[in-house]
Each structure stands twice: as structure tokens, then as C-alpha cells.
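**Student:** Residues 0 to 239 (numbering that gives the first Met the number 0) are what the sequence shown spells out, left to right.
Just so you know, the hints here were simulated from the structure itself, not pulled from any lab data. We put the beta carbon where it would ideally sit given N, CA and C, even for glycine. Incorrect hints may appear among the rest.
[As the list claims (entries may be wrong)] So the derived label-pair ranges between C-beta atoms look like this:
1) Gln134 - Gln183: 27 to 35 Å
2) Gln134 - Thr103: 33 to 41 Å
3) Glu234 - Arg136: 17 to 25 Å
4) Thr156 - Ala10: 26 to 34 Å
5) Tyr19 - Thr103: 26 to 34 Å
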Amino acid sequence: MNLLHDIPQSALQFYLTAPYPCSYLPQQMARSQVAAPGFLIDARVYSELVQRGFRRSGTFTYRPQCDACQACIPVRVEAASFVPSRTQRRVARQHRNLITSLHTLGDSEEHFNLYQRYQAARHADEDKEGDSREQYRNFLLQSHVDTLLVEFCEGDTLRMVSVIDILEDGLSSVYTFYDPDVPQSSFGTYNILWQIELCRKLGLDYLYLGFWIKESKKMAYKAGYRPLQGLVEGEWKRLF
């Protein structure tokens, strides 16, 4: 069933943004196609949009629509067929004592402090004007779809927070931030492994990881979770 057809054509609209500097490929200009208005994009509609390559930031639902570049490929892991590599198995053992708890979205001073530490350590070379409490709330705590907030703790110490959307055919990894000061940790890798396992427990087919860009070092890690499908020319195809 095409859920988008259930919405009047005059209601849900798609428009292009003005060009802006690409965050991943230097010297490139990017554009996005945006679905609006946001309040019409509920969990069912968003599931279909994700299958078409869209993603969200807060209540802003978009996909790349660049004039001269098609480097961004939406990707998803086949959860049931996923086989961890030797390194990933080591990471799973390393962090197996992390205690997880599931929550609805909510503001937390502890979460925000961890988010700021993560941003300062991992994205020190980027513009920090948007790292305010308001930006954090708009980015991670606003949602019109079914969203979980997951805490990962070591004893009483918060180590990682992950925001995940629940779709009809899978989970969508929205954003994860973690303690940057723990030596030799691999929290990010463990988080993806945990989300793949959650897909399996819930009987969901895919873990959506957003966009993969072959030429971007920031995106390279996504190719390590296999089998990995990509949305290429409107069809989901196995990449690795």
C-alpha cells in the first residue's frame, strides 16, 4: 500500500532548498528535497519516506537532491543476514557489560552535558554556533514518529545515548553520542551492533543507517556492516 496516496496531494508537498555548502565533500554544494508540513508525517508515512531515501532531523524530513552530485546513497543493514566481523565480535565482548534502558524522548541535563562533550571532542573542526540547548532539543527531542531514547550505562555512569526511530520494516538510527574520554572504547560500533540485534528481537528486517558516501571518511564505517543495501536509482540493491 502506498501510504502517501492516502494524503491529499495538496497537503503533503515537496520542495527544494537553496544550495548550501556540503558537510561531507569539500568544494561541493548541496541541496535537499524537503517533505512538508511536518505534522502530517506520522510513523506510517515516515516509514514509506525512509524507504524512498528520506531521513529526518527533528521534524525536518529530507533527502539529498544535489544538482551535480549523487554521492549520497541511503543504506540499510539486512538484520537477519548480518554476520559480525572479527573486530565487531571483539567490540561486542568488550562492551557486553553496558546496561541499556529504553525511554521516551525527554530533556536531561546529563544527556546534554554528554552531547556537548562528544561534539567538542569529535567535531572540534566544525562550526559550533548551533550547539546550544535549543538546537539540541530541536535536533534530537522533537519527533512526530515513534522514537526511542536509549541509555547505555556502565554501573551508574552514563556512557552513551542513542535516538532510534521505529519503522514498519526496521529501525532508523537517528543519532548517537557517547563518552569521548574512555580510552580504547568502541561505543559507536557497539551501538550499531546493539541496534541490529534489537531489529532481530523485534522481527524487523532492516537497520537504516542514513547516507553512505564512498569518498567521505566520516561515512566509511557504514560499509563495515554487511550485508548492506543501498538505494540506487530508486531500487534497493545489495552493495556489499
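**Student:** What hints, given by number in increasing order, does this structure fail?
**Tutor:** Numbers 2, 3 and 4, in rising order.
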